[in-house]
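Peer 1: In case you want the letters, here they are:
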Amino acid sequence: MITFFDNLSGTLNNYIVLCSILFAIGVMGVLIRRNIIIIFMSIELMLNSINLLLVAFSVNHADPTGQVFVFFIMAVAAAEITVGLSILVLVYRNTGSVNVNELKKLKW
Amino acid sequence: MDQLVFIVLSILTIGGALVVVLTPNPIYSVLFLVLTFFGIAGHYAFILNAPFLAIANVIVYAGAIMVLFLFVIMLLNLNKRDNFRSPFIIKIFGIVCAALFVLSLLGAVSGMQTSELPEKYAMANIGTVQVLGKVLFNDFTLPFEICSVLFLSAMIGVIMLGKKNRKEH
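Quick note, the sequences are listed as chains W and Y, same order.
FYI, in the working numbering the residues of the first sequence are 372 to 479.
FYI, in the working numbering the residues of the second sequence are 742 to 910.
No lab work stands behind these hints, which were simulated from the structure alone.
Because the structure is a prediction, the values reported are computed rather than measured.
Some hints here could point you the wrong way.
[Unchecked claim] Computed list of lysine to aspartate or glutamate pairs in EDC-like fashion (alpha-carbon distance at most 20 Å, straight line):
id: 1; chain 1: Y; residue 1: LYS875; chain 2: W; residue 2: ASP434
id: 2; chain 1: Y; residue 1: LYS904; chain 2: W; residue 2: GLU451
id: 3; chain 1: Y; residue 1: LYS875; chain 2: Y; residue 2: GLU886
id: 4; chain 1: Y; residue 1: LYS821; chain 2: W; residue 2: GLU473
id: 5; chain 1: Y; residue 1: LYS832; chain 2: W; residue 2: GLU473
[Claimed, not checked] Stretch-level coverage of chain W by chain Y, calculated; a stretch enters the list once three of its residues show a Cβ under 8 Å from a Cβ in chain Y:
id: 6; stretch: 397-409
id: 7; stretch: 423-431
id: 8; stretch: 439-445
id: 9; stretch: 461-469
Note that CB positions come from ideal geometry on N, CA and C, so glycine has one too.
Let's have the full structure, built from the sequences with the hints guiding it.
Peer 2: Written out as C-alpha cells, the structure reads:
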C-alpha cells in the first residue's frame, strides 16, 4: 500500500472523475425519480461522493483535518436522514403515497 | 495492482449507484445502496489508507442508515414496484442534465495542477484512529460536542414528529 503513494496525483485525478460521476448519478436520481425514498438515497449518494473526494484530497495533502470533516459530515447526515425519514412517514400518513408529485401545494 | 483494485472498486461503486437510481423496486435500491457504500468503504480502506473512516462508513451508512431505510420501507409496505414513474421526456432530460454536469465538472478540473507537497511520503498513517482522535479532540472539541446536541435534538424531533394524535396547539 505504501508503493501506491508514488503516483498519488494521478490517483487524485481518478478520484475526481469517480466522484464527479457518482455525484452526477445522485443528481440524475433526484431528477428522474418520483419516489421520495429513492430521492433520499440519491442525496446520500451525493453526500458520499463528496466524502470520498474530501478523503482523497486529505490524503493527497497529508492533512487529517479533511478526514475529521468527513466524520462530521457522516454525523450530520445520520441526523438528517432520521428526521427526513420521519417526515416521510408523516407524508405517507397524510397523503397515502410516497409520490413526490402529491406535495405540490406550494408550487405556483 | 492498486490500479486494479481501484478499477474493481469503482465499477462496484458506480454500478451499484446506477442500479439504485434506475431499479423500480425500492428494496433493490436499498440493497444496492449498501453495495455502493461497501465500495466506498473499500476505497477508504484499501486505497486511501483511512481505516477509521472505512469502519465508520460501514457502521453508520451500511449499518444504521440502511436499517432505517429498510424499516421505513417495511413500515409503509413499499416493497413493490412504484407505479408513478416519471414521463419519458423527464427521464431523457434528467440523464442529459447529469451528463452535462459531469462534463462541466471534469472540464472545470481538467486544467487543475495538483501541487507537489514536500511531506508527500509522511502521510502513510494520517487515517489511523490515533491521529484522527488527536485532531478531533484537540482542534474540534466544540464541534464534536455540538454534534451530540444535534443528535439529541434530532432524536427529540423524530419522537415529536412520530407521535400520533398530537394535541392541537
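Peer 1: Each hint should be assessed against the structure and marked as holding or not.
Peer 2: Evaluation of the provided hints:
Simply put, LYS875/Y and ASP434/W have alpha-carbon atoms about 13 Å apart, close enough for the 20 Å limit, and the pair holds. About 19 Å separates the Cα atoms of LYS904/Y and GLU451/W, which keeps this hinted pair within 20 Å; it holds. For the suggested pair LYS875/Y and GLU886/Y, the alpha carbons sit about 15 Å apart, so the restraint of at most 20 Å is met. For the proposed pair LYS821/Y and GLU473/W, the alpha carbon gap of about 19 Å is at most 20 Å, so the pair holds.
This hinted pair checks out: LYS832/Y and GLU473/W have alpha carbons roughly 19 Å apart, not beyond 20 Å. Remark: the stretch 397-409 of chain W is confirmed as covered by chain Y, as 11 of its residues place a Cβ nearer than 8 Å to a Cβ of that chain, reaching the required three. Under the rule that three or more residues need a Cβ within less than 8 Å of chain Y, the assignment of the stretch 423-431 of chain W holds, with 6 such residues. With 5 residues having a beta carbon nearer than 8 Å to a beta carbon of chain Y, the stretch 439-445 of chain W meets the requirement of three or more and the stated coverage holds.
Given a C-beta distance limit of less than 8 Å, the hint that chain Y covers the stretch 461-469 of chain W holds, as 4 residues qualify and 3 suffice.
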